[in-house]
Amino acid sequence: MGCDIKRSVSLYSYQDEYYDGKLDLEGCLRETAKTGATGVELLAEQMIRRFPLPIETEEFRDQWFGWLEKYNLEPSCYDAFLENHIYDNRMLSLGEQINMMKRDIRLASLLGFHNLRTLVSTPMDVIEGSLAYAEEKNVRIGLEVHAPFSLNSGWADGYMEMIHRTGTKYFGFIPDTGIFCRNIPDVLRDKARRQGASEECIKIVDEAYAQRVEKGFVKIKYDLNLGKANMEYRMANGMKEMMDAVEKAGGGPADKAYAGASFTYSWSSPQDLVDNIDYIYHTHAKFYNVHEDYQETAVAIPEVVEAFKKAGYKGYLSSEYEGGEHLRDIGVDSIEQVRRHQEALRRAIEE
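Numbering-wise, the sequence shown is residues 1 to 351 according to the working numbering.
Quick caveat, the hints were computed from the structure, so don't treat them as lab data. Mixed in with the good hints there might be a few duds.
[Unchecked claim] Calculated cross-link-like contacts (lysine-lysine; reagent style DSSO-like; alpha-carbon spacing at most 30 Å):
id	residue 1	residue 2
1	K309	K34
2	K219	K310
3	K169	K137
4	K314	K169
5	K256	K221
6	K34	K314
7	K240	K228
8	K309	K221
9	K6	K34
10	K228	K256
Construct all of the structure, not just a fragment, from the sequences and the given hints.
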């Protein structure tokens, strides 16, 4: 089965350099192009000042498309955030949420995007109420499958039922490769050590994670109450037993923080990608730390890419660097990390 896997960079990856003023929006695009990536994923609310007003102007759009032409990039995915708590005294009504989704679809279209990422917390009624407009604008809505959620699960089945019931071609999934972590990221472990975690407690947490990977994670169930579903998932995967062991070993705040954070990563079989390839429109190639030898210590990049190749994937793998949040006390170099990750992807794709 033929595949057409392309490489993209999510500008989320450069958030530290952007925040520190080392890069502006054009600078992020320039660094993306230097990696050899051909696609760019935009978080407009993060990187376009006075959002959404500039997008409405021809002046900004001309500048945006001029940058894309200058750096030989094309829009891969527009990341949207459904902010339903913008008022202190109430949540947005269903109609207001649908209107916000339609606004984001329109903005994505104005900037040349045909894929839109929405968060796992987006109500299904909002997605379904936006499908006709998404088709009109030729923008596909992709629900991010972020740990602890997973494909081939009761949670995903709830959305799959909606896809089949509506027959839509404008809603699917955007897997985040943080669901393919064979290990806890080493940058998190090292931060725990800097904060005073003991080697004994780190070992307890690491061994508990390894056991979950070996026997298989109990997958999260579909529930409108995401907090309830997440806690049931954690308990089903041995959180209480692990926390009790950390407590018994004299674990302090750093140890307990490391233990709790271990449940923000998960392992799913890459076969899930093959099974659901017809519904995957884009991919967040999440990563945490790529070493000088281009090895990622947590995410199983070769296995994931091989599954995409086997499935005949035609779409982008978009580097999304999330290791920087664990390095801010000692210094972050997102530019180098993204470069290494893009090279790791290139090697895996071209093997």
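Item to check | Hints that the structure is at odds with (numbers, increasing) | outcome: none
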